[in-house]
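K.L.:
Mind the numbering: the sequence shown is residues 1 to 199 in UniProt numbering, read in order.
One thing to keep in mind: the hints can contain errors.
Simulated crosslink set (DSSO-like; lysine-lysine; CA at most 27 Å straight-line) [what the hints assert, rightly or not]: (1) LYS14 <-> LYS94; (2) LYS99 <-> LYS14; (3) LYS131 <-> LYS99; (4) LYS131 <-> LYS162; (5) LYS131 <-> LYS97; (6) LYS131 <-> LYS167.
Derived by calculation from the structure, the hints in this document are not laboratory data.
On a predicted model such as this, the values are computed, not experimentally measured, just so you know.
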Amino acid sequence: MIQISDTAQSYFRKLIEREAVPGMGVRLTAVDAGTPRADARLEFADPSELLGDEWAVDCDGFTLYVAAASVAWVDGAEIDFVTNATGSQQLTIKAPKIKGEAPTEGSSLVERVRWVVENEVNPQLASHGGKVAVQEVSADGVVLLRFGGGCQGCGMADVTLKQGIEKTLMGRVPGITAVRDATDHDSGDAPYIPRGTAA
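With these hints in hand, go ahead and build the complete structure from the sequences.
P.N.:
This is the structure in C-alpha cells:
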C-alpha cells in the first residue's frame with residue numbers, strides 16, 4: 001500500500017487543475033528498480049497514455065496510477081509534501097523496497113559482499129569515475145576485487161582498498177577476513193590520480 005499525505009494530495013490536485021485536462025492523474029514509476037541507481041518518478045498521467053494495467057489509487061480529486069511493473073518496488077512508499085526548517089517546501093518520496101532488499105544473514109557470503117559493494121562502495125567510487133567488481137570470495141572470507149574506471153591505475157587505490165573498502169566490508173559483512181586487489185593497474189588508461197603522483 002502507498003501512503004500519500006493530505007498535503008501531497010493537495011499539491012498534486014493544484015498542479016493537475018492548472019493542466020486543465022479531464023481525467024488527468026499522476027503516474028508513479030520505479031526507474032532502475034532493484035539497483036543502486038533506483039529512483040521513483042512522478043509525472044502527469046493523461047488518460048490517453050494509460051496502458052490499462054496500472055494499479056489505481058484513489059486520491060482526493062485525482063487518481064495516482066502505479067505502473068504494473070513498479071508495484072512490488074513501490075509497495076509501502078510514502079509520498080509527502082513537507083515544509084523544511086527554512087520554510088521552503090519539498091515533495092518527498094520514501095520507497096524502502098525500490099533498491100531491492102539486502103540479503104539476510106542466511107544468504108551466502110558472496111551475495112552479502114556483492115550487495116555492499118553495489119549499494120555502498122560503488123556509489124562512493126562513482127564520484128571519481130571508478131568502480132570495483134567482486135572477482136571472488138574464498139571460503140575463508142578473503143574478498144578479491146578488481147578495480148575499474150578511474151580506480152584502475154589510480155595511485156590511491158591501495159588507500160581506497162584498505163581504509164575504505166576493506167573497513168566497510170569487514171564492518172558490514174560478518175565473516176570477511178581480508179580484502180585484496182586483483183587489478184592490473186598498469187593497464188589503467190584514465191586513472192583518477194596516476195600512480196607515482198599520489199601524495
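K.L.:
Taking the hints in turn, state whether each one holds.
P.N.:
Right, here's what the structure says about each hint:
For the hint pairing LYS14 with LYS94, the CA-to-CA distance comes to about 22 Å; that is within 27 Å, so the pair holds. Restraint check: the Cα-Cα separation between LYS99 and LYS14 comes to about 30 Å, which exceeds 27 Å; the hinted pair is violated. Of the supplied pair hints, the one linking LYS131 and LYS99 holds, its CA atoms being roughly 18 Å apart against a limit of 27 Å. Straight-line distance between C-alpha atoms of LYS131 and LYS162 comes to about 15 Å, which keeps the hinted pair within the 27 Å bound.
Distance hint between LYS131 and LYS97 is fulfilled; the C-alpha atoms sit about 24 Å from each other, no more than 27 Å. Proximity of LYS131 to LYS167 is assessed by CA-CA distance (about 17 Å); at most 27 Å being required, the pair is judged to hold.
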